[in-house]
Every structure is written in C-alpha cells, then in structure tokens.
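Q: Protein chains in written order, with my numbering: chain A, 1 to 781; chain B, 1001 to 1112.
In short, the hints are calculated from the structure, not lab data.
All values reported here derive from a predicted model rather than from experimental measurement.
Among the hints, erroneous ones may be present.
[As the list claims (entries may be wrong)] Calculated cross-link-like contacts (lysine to aspartate or glutamate; reagent style EDC-like; alpha-carbon spacing at most 20 Å): (1) K487(A) / D1088(B); (2) K1085(B) / E500(A); (3) K1060(B) / D482(A).
One-letter residues, chain by chain:
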Amino acid sequence: MAIRPSSLLAERAAEVDALVIAGRELPESGCAILAVGGYGRRQLFPYSDIDLLLLFESEKLALANKSVISDFLRRLWDAGLRVSQSVRTPAECVEVHHGNPELNVSLLDQRYLAGDRNLYDDLARRLPRFLQASREPLVRNLSQLARERHAKYADTFYHLEPDVKETPGGLRDYQLLCWLDQLRGGAPDPSPELLDAFEFLSHIRRFLHLAARRDSNVLTFEAQDGLAEESHDGDAAHWMRGYYRHARAVFRAATRRLEATEAKSSSLFAQFRDRRSRLSNPDFSVVRDRVHFREPHQLDHQPDLALGLFEFVARHGVRPSLDAEQQIAARLPRLAERGAAWTALARVFTLPHAPLAVRWMHETGALSAVFPELAHIECLVVRDFYHRYTVDEHTIIAIENLLKAPGPYRDLRAEIERPAVLLLGILFHDSGKGSGSSHVEVGVELARAAMARVDMPAADRETVEFLIERHMELSAAMQSRDVYDPKTARDLAAIVQTVERLKALTLLTYADVSAVNPTVMTPWRAEQLWQLYLIVYGELTRELQSERVAAAPHPFLEGLPTRYVRTHNAAEVQRHLALAAECETRGVAVDINRREAAWELTLIAPDRPGLFAAAAASLSSFGMNILRAEAFANRAGQVLDTFTFEDPHRNLDLNPSEIDRLREIAERAITGKSDVRELLRNRPKPSLPSRKARIQGRVSFDDAASQTATLVEIVAEDRPGLLYDLASAISESGANIEVVLIDTQAHKAIDVFYLTADRAKLPPERQSALAQSLERATQPA
Amino acid sequence: MKKIEAIIQPFKLEEVKEALKSIGIDGMTISEVRGHGRQKGHKEVYRGQEYTVDLLPKVKLEMVIDDSRYEEVVQKIATSARTGKIGDGKIFVFDVAEAVRIRNNDRGDSAL
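With the hints as constraints, model all of the structure from the sequences given.
A: Structure below.
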C-alpha cells in the first residue's frame, strides 16, 4: 500500500468539508455546523453517510429556520452527499441519551465546521465536563451496544464473509477501543498492532465501497478474490488468513477492554471475581478472573505445566491471562516437541468447561502444537452456501454446541461413557477439509496419526475413526431417507452396530449441524434427528435379543447376542474363553479387575434362576455401587455377566486380599452355596443424600421389541442394592432373565431386561404382577 | 395464475426440486412445517417414557405458476414426491388475483 488508506479517508473528509462549508446558508448567529461520527474524526469512506450536527442555540430558533435547514440539506443531497443530520441544542448534547447512545458516542468525534463560533466554544467547554461526570452510564451503554453487536455475529470473527464494519474484530471494534480511551479523558491511543489492523480494514472497506458504489461492507467471496489479486498475495484463502489475523488482534483487544470496564462497573461481579481468586493453587493463581502461572519460568523445565493450565481452565471455567497466553505462545515449539499424552488430554476434555479450554488451546496455538494435524484448518475458508465460519471455528463451535445441547440431547450426553473420545471425534471430523480429496478419508488418516502419537487406547481410536468416517451418515439419512421405513433403521443399525456408537454419532451430528450457522438447527430438524435416533435405537435393542452369533470359532460364543462381538475386542474374548474353560472344570469362574476409575467383575456359570440377582447381591453386600451391567446367555445355557462397579470406600485398593474374599463370596452366591438374603443382612445401610428432586420410578413392558422375549425397561432413582431388588423380583416371579443392560447416569438407573417364561414372552397377567413388584422395588428406600 | 402449495415428505425435497428444475421451475418458497393428515402419528417408547409423535415433520413448497403450466407442475410434483405409502402429502392449487414485483412494479405473469 503506497498511500495509507487512512490518509485517503482524511482527503475525502476534507473534500466534503469544503462542500458543506460552501453550501451552508444558515444564520451566522445562534447556529453552528459540526461534523460528527466517522466524518467528524476524518475517517470518511467513499459512500459512508455524512454525519452532521446542526447546533442551534434554542429549539425555537431551529424551528424558525426549518425551511432554511431543508434547503441547505437538499443542496448537499444534490451535490451527491448522503447526509445524515441531527438538529440539537447544546443542552441536548450534554445529557445521557439511554435510548440513543449513538448520539452521545457520535459527539466524541465532533469537530467544528462553520457557523457561530461562540456557540460552539460553549459546547466544547461543557462537553469534557459532561463526559467526565457521565462516564459510567456512557461506558455502560457503549459496552452493551458492543456486546449486542457481537452476539448478533455469534461472538466470533471467523466468518466466511465478514462484515468489515460490524463483525467482531471489525472497524466498529477498533472504534470502540478509541472511544473508551476518549471516555477515560485521553486521546485515542491504539497500539501499533491495532493501527496496522485499522489500515488493513480501512483498505478493504474503501475497496468494497468503490466496487459496489454504495455503503456496502460485506467482504464477499467475490471481493476476497479481487483483493487477493490486487495484493498479489497468493489465493483468496491465503489472503483471508491475513484478514483473520488482523480481526483477531482487534477483537481480542476489544473483548479484554470490555471485560475490564464491565468488571469495574459491577460490584456484584467484583465480588464473584474475588471469590474466584480462591481457586488459586500452588501452580496457578486467579487474579481478576484470569489464570496466571505462579512461576512461568517453570514452563521451561515442565512443558506439561501448559497443559495443566488448560486443565485448570476446563475445571473452573476461568480464562487464561494475557501473560499466561504469551508465556505459552513463547514455548510452543517446546510443547510441540514434547507432545502430549492422551491421559492428560482426556482429563482436559472430560471436565465441565472443556470447550472453553479447547478454545483457548486453539487461541494460544497450543492445540496445533499438540495436534499439528489441525494446523491446516486454521482460518481455512471453504466456500459453500451453508457454512458461515472457517473450518477451525466451526469445529470449536460444534464442541461448544455439544455442551449447550438442550432437551433429550442433554440426557443423551450424560449417558456418554467417554466424553473425551467424542470430543476428539468432533475435533477431527472436518480435519481433512481443504485437502482437495475426500475430506472424510483424509480426516481419518490425520486422526489415526494423531491418536497413535498421543497413545490412545485402541478401542477409543476405533470409535474416533468410526465417528469421522460416518459423521455425515445421519444428516444424509435425514435428508434422503424415509425415517419410518424399517429398512432405514436396519441399514443405519448395521452401520453403527452398537447403542454406544449411535449415541456418540447422534450427538456429533447435532453439534456439527448446529455449528454450520446459528439458524440451521431448527426445532424441526432437532426433532427429525431425534426421531432417527429413536428408530435406530429401537432397532439395536430389538437386535439385542433376536440377533445371535451363529457360527463361531468356539462353542462358548455361539448363541451370544451379536452385541457381544461388537463390544469386545480380541483380547477380551480370549480372556472370556479362558474363563469358560475354568468354568468347565470348576462349575463357575469369576474374574475381578481394575478398569480405570472403576472395577469390573466378570462371571461365567451355567444359568439358574436367581443367578443374576445373587451376583448383584454379593457386590452390594460389599458396599459396592454397580454402575453398569450386562448379562448374556449362549446356546449351551451358560451366562456371561459383567458388572462395572465403583468402590466408594476404596476397600479393594487398600486391602488387596479383599479381592479374593469378594470373588469367593460371589462364587458361593452364584452357585447357590450361600444364602443371598443372609449376605444382604450385613450390608452397609444406604446413606442417600437428601434431594428435593426425586426421580420418579417408571416400569414399562414392551412385547413388540423382540420376537421371543418381553422387554422391561426400568428407570429409577439409583440406590445401593437396587439391582438386586429388581433382579430378585424378576426371579421370584418365575421369569427368566435372557439379556440385561444396566446403565446409570448420576442418580438415575436405566435398566433393560429381556425376560421369558417357559421360553416364550410373559403372559399379560404375569406382566401386571411383575410390574407391581418392580414398582415397589423402585421406590426410594 | 395459480398458486401451488405442496406438503411433501422431507426426504423427497431434493428429488422434487430436481424434477421441477428439469422443467425450468426454480423459483419457490420452502418451509419446514409440522402436521398430520390421516396419517395420525404414532407412539414412541424411549427410556420407559411413552410419547406421542402426533405432528410429523413435513416440508411445504409454495410457488406461483402461470395458467398454461400449472397442470404440468402439479404432475411433476406428484410423481416425484410419491412413494405410494401413507404420509406422502398433498398438493393444493389456488387462483391468484395479482402478482407484483416489488422492485419495479411489474404486474401479472411478468412479475413471476
């Protein structure tokens, strides 16, 4: 740029000054003409409005000159100027206009053009005093306006076709910073970085005005091509990265300043902020609602400290300080070299404020230091009709949407066992964009490399690959398949295979579609997706009972539900086969293992009435909390039951010999050698937290779900021993448990039993008797 | 001039649009709607909770066509939206008294 755009704007302002001054025919006394707004500060774009303030000594004088004023304005219009004028008395200029904050703001940039100099001088004297005295309401109005404007653009500057004036990080935000300087009583004092951004944005806005020959500020794809060509700066996508760099500088400066001013003006906020400073710990301190490193130089020796900061962000929802950001940014190569372990990343991704942490990892560059595979989607513009944001921003908005998902999607999210895996799937779902070839295949490749490097468990890797590979499956089905055609459900069930994957894919679809632009996820569409989820869920639960393994390499596997094969890897199957062999010789086999935060008990035994209840009872008698359970039977009548449980008193950790005792007790109970009721007499009394919102127990029977069994679904408030009570109510009624799937979310237990009596569905009278006893069991203790 | 209003299955939208494009019709208004006709909806059970899906998601197409072509358009929509099952939707045709292009005040057929 040979000539600075700002001087071109000033030239234009000077031209207009001359026209206005020449065209005026107003009384010389009691009236003055002021330039205000952008024109006032000599930043006049070719087709912007000319903001004039006609200052009249009194309202009466203004009314008397009504026709003179309109003649004057008409002359300016005829000269080709788009005038936007207001007529005010000095008194009106020095009062706070809550309904019209723009008027107060426009006066910050006023300058004298012509007319009664004394009248103007009087206002010029009063104005600084007014601004000083009304600083607080003016700042409040200004920041409210800015916040509303940001919200209109979803609080992001990563728009594919941004409005260079209004979008976050645009000229309006630059101006906001200047105004806040002025309201503090000084002159605008932008940093060199902001001045650069201002020149860059001004150049674009001039270009847009001249191209459209009107006040048009949207940086369209067409204009991006034109500007890229003009600057000889590679292609438009590359040129746009420059735009985002400048917009980011402006937006971040503006939001920081807004936060600082808002914090000052709200004592309630200050109290909250001070309370948050108590979150400080030996590594991090929270000052003014931002996290700082206590000893930043430690970062040189412990690169993991950077990830520790993001874990803090994810846990407490407090953003990093500017210092912390810069300290991390300065050490990115080290972080990249060192890499990150999945265990550490999963901790960040599982915490409640994970989206905020991911956003700041992205902002500081830490995300692409850990996952260089994501670097090429940064600020990447992929042009289509629907997407509104760059690929990286779309991805982060999707992660945020996951946490904001309403209604049934919120419940579904609570059922996700490994949220960190789902989050990684979203993070990489579009990582293949911009590569030229199929973005799905490339995305899977990129994710595969990244997951191997961070050493993610194999089963989780498979889930992520599945999610990326199929991330468009459900939205495609919504558009092109008849949801109520049974074939749709069958086809999709064959693709997703398990309920767990279906849940993750449904949530990913919800997050992905709603991150395309703020209006695309209408209630209509959300409902369509939910319908699709329901029919596929129904299909998968139906299959649970009816789809069985037919030909298997080992007789033990024959007749197990196909779900078994889909949810267990080769190593687990080997372990189960070893247990089956043990069962052959001993009549029962029980295995207890640590599973990350929980424990798992696996048992194989010949089926007998009350077996499942007995196993559940032996765990309850030890004070264990059952989180999930599955029970399957094979063709030979052997059962394979798996219980995932939590050990609230860390009994098994602290006394390893207790593991053997638990196994022994379980084996005796399973084989019927000890009385289960006797066991439970000694069980620790349940201590339930008193909660106002109790979960109402619900029992429902479904005969249509399976061809050979009756499905019972029970939703109840979880409590110790609940599963035993339910299972023994079923056994006592003489029904046989074929398949069980037990899940808990917070205090809610969700249990699905497939029951038969004499190898058939339960007759209606048995169902109603059983319903009563199950309902009794779901009553809180 | 006739106004055509068609309520169709959402998954048929692309097909119908393509079919109309093939006979040169590409101006239309599309909205996401809910409703039911004789296909009364049904009950779903999820997590032990029964809930009725009585208003089914549908798509509504609206367009105004000059008199000489509306039969052809109605036929095109009907054949492309048909699956033969309950819930395929309906087409309504209305007489239109006047059309005005806001930009230049064109009237009648030339405003379409």
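Q: Among all the numbered hints in the text so far, which are the ones the structure does not match?
A: 2
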